[in-house]
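Please build the complete structure, drawing on both the sequences and the hints.
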Amino acid sequence: MKPENAKLEPTKPVAHDARGIAKVALGVVFAAFLLGFAMVPIYRIACEHVLGIRMSGEAADAAQVALMTEDKSRTIAVEFVANVNSKLPWTFKPENARIEIHPGALTEVWFDASNLSDAAIVGNAVPSVAPAEASPFFNKTECFCFTEQTLDAGESRRMPVRFVVDPQLPKETKTLTLSYTFYANELATKQLSVVPVPVAGVAKN
Amino acid sequence: MAHAAVHDAHNDTHDHKPQGFLNRWLFTTNHKDIGTLYLVFALVMFFTGGSMAMVIRAELFEPGMQLVQPEFFNQMTTIHALVMIFGAVMPAFVGLGNWMIPLQIGAPDMALPRMNNWSFWILPFAFVLLLSTLFMNGGGPQGGWTLYPPLALQGGNSIAFVIFAIHMMGISSIMGAINIIATILNMRAPGMDLLKMPIFTWSWLITAFLLIAVMPVLAGAVTMLLTDKYFGTSFFNAAGGGDPVMFQHIFWFFGHPEVYIMILPAFGIVSEIIPTFSRKPLFGYQAMIYAVASIAFLSFIVWAHHMFSVGMPLGGELYFMYATMLIAIPTGVKVFNWVTTMWEGSLTFETPMLFAIAFVILFTIGGFSGLMLAIVPADFQYHDTYFVVAHFHYVLVTGAVFAIMASVYYWLPKWSGNMYSERWGKIHFWMSVISVNVLFFPQHFLGLAGMPRRIPDYNVAFADFNMISSIGGFWFGLSQLLFVGVIVHAVYFSKNRATSQVWEGAKGLEWTVPSPAPHHTFTVPPVIDDSMLAHGDVTH
Amino acid sequence: MRRMLTAAAQIVFGLLASTAASANPVPWQLNMTRGASQTSREVHDIHMIVLWICVAIGVVVFGFMFVAMFRFRKSKGAVAATWSHSTKLEAIWTIIPIIILIASAWPATTLLLRMGDTSDSEMTIKVTGYQWKWRYEYVDYFGKEPGINFVSSLESQSNRTRQLGSGMDPNAIKVDGYSTYLIDVDKPLVLPVGVKVRFVITADDVIHSWWVPALGWKQDAIPGIINSTWTRIDEPGLYRGQCAELCGRGHGFMPIVVKALPKAEFEQWMAAQVPAPKAEATATTLAPTTAPQG
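Protein chains in written order, with my numbering: chain U, 1 to 205; chain X, 206 to 745; chain Y, 746 to 1039.
The hints are simulated quantities; they were obtained by calculation from the structure and are not laboratory data.
Here the structure is a predicted model, which means the values were calculated and not measured.
Do not rely on the hints blindly, as some may be mistaken.
[Claimed, not checked] Derived lysine-lysine pairs resembling DSS-like cross-links, with alpha carbons at most 25 Å apart:
id, chain 1, residue 1, chain 2, residue 2
1, Y, Lys1008, X, Lys631
2, Y, Lys1008, Y, Lys932
3, U, Lys171, Y, Lys821
[Said to hold, decoys possible] Covered stretches of chain U, going by a simulated chain X footprint (3 or more residues, C-beta under 8 Å):
id, segment
4, 108-119
5, 122-133
6, 148-154
7, 174-188
Glycine residues also receive a C-beta, built at the ideal position from the N, C-alpha and C atoms.
Below is the structure:
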C-alpha cells in the first residue's frame, strides 16, 4: 500500500477479529505445551539417531550381533564400573574391573551383588557407557539391567553381562567404560510384602 | 471497541476515568491503567528481589559465614532470580508495551482489554505464592532458579508452590503476549503498515511470539518435575530410567528464548531513544527489524550452550558453539546501527539518552563476555563461575534494567504530564552507572580466578574483589531509592508541566496526544503522516 | 591524568602477568590461570585470543561512539544530518564479524577435538560426587588395578570455621603460607605427572561438577550417567578446585585437591596405600548414610 492511500482513506475501518488472532495464538500455546512433553521422546530419538548415544537399556538385536565378525587385529580395553546408590544397602562390583577384548567377539563378564540388609529389596541397574559416542557400538545380548533384580535379605548373586563391541567402533576409541548404577526400586520393594512369592526377573516397566 | 463506541462522540482530552479506587484499578480494562499497574508492580518486585541481592552481597562481603545459613543463602539466590526475571523485568516490559503500543500504533486500547486485566491481576497472587514459600516449614526453593532435578526435588513441598506460581506467571505472560500480538496485528490505525511501525512496537511483536512459543514449554517442564516428585513418574529420575540432563535441555529450550524476551524490548526502547536525542532518524530501520527477528530465530537453536559441561557429544558441542557465535552478527548490526544513528546527529544528553548510551556500552560488554562464553573450550573454565554471573548481570541489569529506566525517564512526562527533575535524574544515572560497574565488573575477575557461582562463602583469595563488589551492590541498591524519589516527585509534586511533544527530537504518534495522555486516546483513528514516524525514510 | 592512566595500566598489566603464573587463586587475581597441563595452557590462550578480539572491537566501536558524543553535540552547534541508510556500511559490518568469528572458531574447534580425545589413556580414575564430598577410585594404572578407593572432603579446620557465627578467622587457615580456607581436603587425589589420566565422573545423589581450574576444564557429575574426560599434568604441585554445580547447602564446602607427584614418587605412594581387602573394597562403594558435612 502506498503511503498516500492512508491519507486519502483515513476512515478505513480497523479490523476487529482480535478474537480470531487470540484463538490462533492459543493454539500455538497449546502446541508449545505439548511440545514440552513431546521433547521426552524427541530427545531420545535425537540422542540415538543424530548424536549416536544409546539411551535404552534394551537387548541388542541378536540377528545383527550374529553378523559381526571378530576383528583380531584390534584390542580394546573395557572397564567396568559398578555404583550403588546410597539409598540401597547393597554391595555391587565387577569380578574383573578391566578386560581386553577384540571387537566383534562375544564376551561374558560377571558382576556380584549382595544385599546387606535384613529385608528383601528390589533394585534396578541403570547402564551408562563412556565415551558417550561409543555407546551405539556396545551391544548387550544379556544383562541383569534388562530386568528388576530382587535380592532377599543377605542374599548374594552372580549376574552376567554378555556383550559384543561392534567392529565398526571408531578407530580412535581404545578404552570403553561400562558403568552400572543400582538404584532401589521402592515401588516394587513395597509390593514384595503384598505379593507372596516375588520372582527375580520380572520384566522392567 | 466498546470504549471506542461509547466515547467516539467525546473529545479525547476529557478524561472518563472510572470513579472509586477499586473500579479504577481492580476492574480496569484501560491499557494505560493496566500499564501503570504493571510498572508499579515491577518496581515493587525490583526492590523485593533487590533486597534479596543485598542479603547475598552482605553475606559475601567477607570470607566466613556471618549472617545467614547456606540453606537461606540458596533460597535467596533462587528467589532473587525468579523475582527479578518474572516479577521485575518481564512485567516492566509488559507494562511499557501496554502503555505505549496502542499509543504508538494509534489504537484506542489493547485488543482484548478484559483479558488484559486478568493477565495483570494473576501476577500479584503468583508472587505472593512464590514468596510465601520463604515462610514455610523447610523454607523456599533452594535449587537455583533453573530448578535442575534431582536437587530441586530434594527439598520440602515448597517446590509445588513454586511450580504453581511459575504456572501462574506463565499464564499471565502468555495472555499478555497474545494481547500484544492481537493489538499489533489488528488495531493499527489506517496507514500504519507493519514496516512503518515504531521499532519498540516491532521488537515487542517479535518478543510476544517468543513468549507464546516458549512459556508453555517451561510449563511443561515444571509440570514434569511436579509429577516426578508427587506422582511417581521418572522423566528426570535416573533411578527410574529417566535422565536429569533432559530437564536441562527442555528448560534451556525455554530459557534461551527467555533471555531474549528480556532484551529484545530493551533493543526497541533504545532504538526509540537514541534517534530522539540525536535528532536524526534511526539508521537502518529495516536492518534493525531483521536483526531482532534473526536473533529471535537463533534463540531457538542455541539452548545447549548453557550446558556445555554436561558431557555432550563433540558434534553437539561444536554445533551449539557455532550457532551461538552466529548471534554476534545481528547483535553487532544493532550496536553498529545505534552508533551510526548518533553519528552526525545533534546530540543532547538528557537522562533517557544517558541511560540509552550506557545501555549500548555496557550491554556490548555483556555481549563480549557472551561471545567468550560461546567458545566451548574456554567455557569449560568459565561455566558456573562468577564470570557467568558478571556476564548475565551486564546484559540484564545494565541491559534490560537500564533500558527500562531509560524508558521510564523518556515516557514519564507523557504518562504523568510533568517533567521529572533532570538534575536528580542525572544524579540517579551517574550513581547507578558507576555503582553497577563497581558491583559487577570485579565479578569477571573472581570468575576467572576460579570462584564458582552460588557459593555462600569463599577462599580468602577472593576476598578483595568480593568486598568491592558488595560495596558496589549496596551503593547500587541505595541509588535506586533516588529513582523512586524522582518518579514520586515527577508524578505528584513537579510543577514543570510537559508539552505534548516533550522532547524536541521526538517523533511518533505517542507525542501527538497531550501530556498526560488522556484516559482514552485515538478513539478516532489518527491520520498517519510519514514525516511523524521516528525512523523517517520508511523504505529502508 | 595521563600519568595516572599509565600507572593504572602498569598495575593492571603487572597483575595480569604476575597472577598468570599461579595455578591456584591468589588475592587480586585478574585473569584465568595458565594451569598445569598443555590443555589448560591452550584453554588460557584461546581465552586470551577471544578477549583481545573483544577488546579490539570494543575500542573501535566505543571509540566511534565517544567521538560522536563529543563532536556532534547540539551544544556545540551540531546540526543533525538526515541520512539513515547505507547498504555498503551495513554489508561491511555484517561481513567483518563473520570473518572474525570464523577466525576464532577455528582454534576453538581444534582444541575442543583434542580435549574430547580420551584415547591412549594410561590411568583411569573414577570420581563420584556425593552431597558434599568426592569419592575417588583408582580403576586402572597401566593395565593394573590399584584398588585404591577413598572419600575426600573438606578438612576439619575450614569446616569448623565456616559454621555460621563460629567467630574463627578464615585467614588463619594456611598451608605453607598459602590460605587454604575452603579449598583444602582431608585426603587429596594423588596423581602422577606426565601420565594421561582418564576420568570417569558420575554422582550419587544430585548433579555436581568436578572442577580444578589448573587442569583447564570442569565436567558435570550426573547421577546414572558416566562422563569421561582426561588430563596430563606437567608439573608436580597441589592444584585446588571446587564443586561448580549447585548441589545443596554444602555446595560451597566440597573442595577438590589434586596432588601431582613425579611418577616414581606416585608409585611409591601407591604402594604405600594398603590395598583394601576385597570385602572392604566392596563395602566402600556404599556411601555413608549420614553426611559429615553441611
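Tested hints:
1. Proposed proximity of Lys1008 (chain Y) and Lys631 (chain X) is contradicted: the alpha carbons are some 64 Å apart, above 25 Å.
2. A distance of roughly 19 Å separates the Cα atoms of Lys1008 (chain Y) and Lys932 (chain Y); the hinted pair therefore holds under the 25 Å criterion.
3. Among the hinted pairs, Lys171 (chain U) with Lys821 (chain Y) is inconsistent with the structure: their alpha-carbon atoms are about 70 Å apart, more than 25 Å.
4. Evaluation of the coverage hint for the segment 108-119 of chain U: breached, as 0 residues show C-beta separations to chain X shorter than 8 Å, against a requirement of three.
5. For the segment 122-133 of chain U, the proposed coverage by chain X is satisfied: 4 residues have a C-beta within less than 8 Å of a C-beta in that chain, meeting the threshold of three.
6. Counting residues of the segment 148-154 of chain U whose CB lies closer than 8 Å to any CB of chain X gives 0, so the stated coverage by that chain is violated, three being the minimum.
7. Only when three residues or more bring their CB closer than 8 Å to a CB of chain X does the claim for the segment 174-188 of chain U stand; here the count is 5, and the claim holds.
When each numbered hint is compared with the structure, violations occur for hints 1, 3, 4, 6.
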